[in-house]
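Colleague: Spelled out from the first residue to the last, the chains are:
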Amino acid sequence: MEADLHVHTHTHEAAAWNDHGEDYHEHPSSTPRLLRGSIAAGLGLYLVYLQVSGELGNYINIRFAWIALVGAAFALLLGVHTLASELLAHDHEEDHDHLDHVHQGPRWPAMVLLATPLALALLVPARPLGAAAVCGGVSFMGNGTGDAAAISSSDSLEWSVLDWLRAFSFGSSSDRLEGKPADVTGFIFRNEGDPTGYLIVSRFLMVHCTADSYAIGMPVKWTSAEGLLADTWVRAKGTVKVGQFSGNTLPIIEATSVETIAQPGQVYLYQ
Amino acid sequence: MVSQPYLPRARMARIAARPRARFGLVVGLVVLTLGAAIRIHGDPPAALSTFSTRFLGVFIDASPFLLLGSLASGLIEVFVSRTVLTRFIPRNAVLAAAAGTVLGFVFPVCECGVVPVTRRLYAKGLPVSVGVSFLLASPVMNPIVLASTWIAFGPGPILVGRYVITAIVALAVGLVFALCVDSHQLLRPGLLGAGAPTIDPKTAGDLQSAGPRQSLPKRFSLALGLATDEFFDMGRYLVAGALLAAAMQTLVSQDALTALGRGPIVSVLVMQLLAFVLSVCSTVDAFLALAFAGTFTTGSVLTFLTFGPMVDVKSTLMFMGVFKNRTVAYLVLLPMLMTLAIGIWLNLNVAF
Numbered sequence: 000m001e002a003d004l005h006v007h008t009h010t011h012e013a014a015a016w017n018d019h020g021e022d023y024h025e026h027p028s029s030t031p032r033l034l035r036g037s038i039a040a041g042l043g044l045y046l047v048y049l050q051v052s053g054e055l056g057n058y059i060n061i062r063f064a065w066i067a068l069v070g071a072a073f074a075l076l077l078g079v080h081t082l083a084s085e086l087l088a089h090d091h092e093e094d095h096d097h098l099d100h101v102h103q104g105p106r107w108p109a110m111v112l113l114a115t116p117l118a119l120a121l122l123v124p125a126r127p128l129g130a131a132a133v134c135g136g137v138s139f140m141g142n143g144t145g146d147a148a149a150i151s152s153s154d155s156l157e158w159s160v161l162d163w164l165r166a167f168s169f170g171s172s173s174d175r176l177e178g179k180p181a182d183v184t185g186f187i188f189r190n191e192g193d194p195t196g197y198l199i200v201s202r203f204l205m206v207h208c209t210a211d212s213y214a215i216g217m218p219v220k221w222t223s224a225e226g227l228l229a230d231t232w233v234r235a236k237g238t239v240k241v242g243q244f245s246g247n248t249l250p251i252i253e254a255t256s257v258e259t260i261a262q263p264g265q266v267y268l269y270q
Numbered sequence: 000m001v002s003q004p005y006l007p008r009a010r011m012a013r014i015a016a017r018p019r020a021r022f023g024l025v026v027g028l029v030v031l032t033l034g035a036a037i038r039i040h041g042d043p044p045a046a047l048s049t050f051s052t053r054f055l056g057v058f059i060d061a062s063p064f065l066l067l068g069s070l071a072s073g074l075i076e077v078f079v080s081r082t083v084l085t086r087f088i089p090r091n092a093v094l095a096a097a098a099g100t101v102l103g104f105v106f107p108v109c110e111c112g113v114v115p116v117t118r119r120l121y122a123k124g125l126p127v128s129v130g131v132s133f134l135l136a137s138p139v140m141n142p143i144v145l146a147s148t149w150i151a152f153g154p155g156p157i158l159v160g161r162y163v164i165t166a167i168v169a170l171a172v173g174l175v176f177a178l179c180v181d182s183h184q185l186l187r188p189g190l191l192g193a194g195a196p197t198i199d200p201k202t203a204g205d206l207q208s209a210g211p212r213q214s215l216p217k218r219f220s221l222a223l224g225l226a227t228d229e230f231f232d233m234g235r236y237l238v239a240g241a242l243l244a245a246a247m248q249t250l251v252s253q254d255a256l257t258a259l260g261r262g263p264i265v266s267v268l269v270m271q272l273l274a275f276v277l278s279v280c281s282t283v284d285a286f287l288a289l290a291f292a293g294t295f296t297t298g299s300v301l302t303f304l305t306f307g308p309m310v311d312v313k314s315t316l317m318f319m320g321v322f323k324n325r326t327v328a329y330l331v332l333l334p335m336l337m338t339l340a341i342g343i344w345l346n347l348n349v350a351f
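Chains A and B, in that order, are what the protein sequence lines are. Taking numbering that gives the first Met the number 0, the leading residue of the first sequence gets 0, the next gets one more, and so forth. Taking numbering that gives the first Met the number 0, the leading residue of the second sequence gets 0, the next gets one more, and so forth.
Honestly, I wouldn't trust all of these hints.
[Said to hold, decoys possible] Beta-carbon label-pair distances, calculated as ranges:
1) ALA350/B to ASP154/A: 26 to 36 Å
2) VAL79/A to VAL105/B: 24 to 34 Å
3) ALA350/B to TRP107/A: 43 to 53 Å
None of these hints come from the bench; they were simulated from the model. Bear in mind the structure is a predicted one, so any value in this text is a computation, not a measurement. Where a beta carbon is used, it is the ideal one built from N, C-alpha and C, also for glycine.
Produce the complete structure using the sequences and hints provided.
Modeller: Here's what the structure looks like:
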């Protein structure tokens with residue numbers, strides 16, 4: 000059956016077709032096909048691993064975890080099918096129906112590119128976005144899709160950095176925030192030229208995945224701020240005063256305590 | 000019937016895409032951006048980690064949709080005879096253009112799969128307007144893209160806008176073609192009828208028309224094989240696009256992006272150029288657009304989401320394999336000008 004797959008061409012596309020014509024006539028070598036199956040299956044396994052280990056939350060909004068599960072199932076299906084049909088083909092060379100080889104032979108560029116996500120996943124330690132990922136400073140704006148009503152609770156002690164910024168951006172009067180108690184967590188970020196005695200408690204805000212994430216932050220006035228390194232996770236308690244910071248009028252936490260904490264399970268804030 | 004031409008659509012993409020040159024380009028680009036990232040940050044591990052996290056976020060989110068699209072296209076290729084398609088097309092030019100616009104909901108092909116299918120349809124005497132409308136609309140007008148856009152943006156102006164603008168442009172360009180030319184002037188000589196490359200009728204018969212000769216598991220197996228081809232073929236563009244987007248976010252400061260993305264005209268031009276260059280499959284481009292939605296104008300994001308699926312580097316190369324150069328010029332320029340105008344008009348006149 001091998002000879003069935005002739006390419007008939009009578010157009011001036013002929014040259015282009017002949018470039019690839021050998022794909023039809025040669026029995027594709029099995030190594031690239033095995034590699035391709037392995038990449039697809041590997042992708043599926045990686046997606047499963049992300050679910051099981053909880054690392055998925057580093058990359059996408061966990062509300063959409065099911066998408067990654069669907070992807071895992073399909074990738075495993077394609078990968079296992081490719082591997083199985085290749086391995087079976089060699090076990091039963093006589094019976095093998097070469098129709099299975101109508102599809103393409105090896106494509107090295109495609110394989111290298113599709114292996115890139117796996118290579119990055121294996122070689123670069125998985126880390127959520129942090130202070131080093133802030134490019135050009137954090138935002139002090141509580142903008143986004145929400146309105147003031149989206150604040151999670153009426154008790155300001157439960158407000159996140161995002162809630163504070165929203166309350167400030169959308170609230171009718173910033174005076175309402177003056178003197179309210181605050182208790183926020185986030186990683187430390189510093190801009191060059193920030194006044195001493197201040198640090199910025201920051202969080203990455205995520206809609207869907209790390210592609211749409213950006214950092215927001217809130218200034219915290221703390222006497223021994225200089226002793227804390229950037230990217231350290233902290234919990235800052237104190238009262239809020241509206242004041243000037245780096246030329247902006249912002250809610251500022253005058254901290255009574257800033258304690259170092261472990262990185263929380265849910266790293267990002269979701270809009 | 001017996002000489003039903005059969006051709007894996009992914010093969011068209013391969014021929015058009017000249018993989019070696021593009022591969023070199025992509026690798027060069029990635030090395031350059033990574034190098035630049037490390038130089039600028041002065042903290043290589045942190046920069047690489049940020050880059051990797053951003054990249055994997057897009058990829059993990061998007062790859063399930065690419066897999067779904069690949070599976071759908073493999074199943075269509077094996078289980079749907081093309082004669083079924085042509086039977087339901089109206090003969091009236093306007094109705095036909097409208098039919099071409101929504102045909103994609105029945106046959107979910109992305110821009111990678113649509114060119115070979117359209118060529119097939121022309122060979123069977125499909126009206127010009129249907130083919131052009133189908134060509135331009137179906138990468139957006141299909142259930143998979145609807146799902147991914149919905150999940151990325153939710154029901155809102157972006158989702159509605161994407162569909163309305165695509166319908167308007169596809170219909171309009173389809174009608175322009177219907178009124179001005181007949182199909183013999185559109186295609187490269189010899190592509191109507193006998194010239195189109197086919198595989199041996201015997202094999203083609205095995206694959207499509209003579210269903211009983213292939214057992215169901217065999218046909219499923221074939222569909223899965225084609226889906227794998229498609230996934231690897233189209234996955235290249237997703238990976239390259241995601242690498243570029245991640246590099247941009249790692250390197251370019253939020254302020255600079257915002258400055259670029261706030262201009263009502265500049266932002267549209269930038270997004271149009273990005274859509275053209277990135278060539279990301281329409282099933283997943285919504286997730287890339289998310290990366291820009293915060294900083295870029297809504298009009299520009301809509302232009303990205305409507306122009307990209309119709310015309311990009313990849314599809315232009317594929318057009319050139321099928322249509323005459325003049326036709327390709329119109330197929331590229333008309334959607335480009337229309338989506339540009341609509342994007343700018345939206346930015347200037349509509350408050351989102």
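Colleague: For every hint, state whether the structure bears it out.
Modeller: Now for the hints, and whether the structure bears them out:
| no. | hint | result |
| --- | --- | --- |
| 1 | ALA350/B to ASP154/A: 26 to 36 Å | holds, 35 Å |
| 2 | VAL79/A to VAL105/B: 24 to 34 Å | holds, 30 Å |
| 3 | ALA350/B to TRP107/A: 43 to 53 Å | holds, 50 Å |
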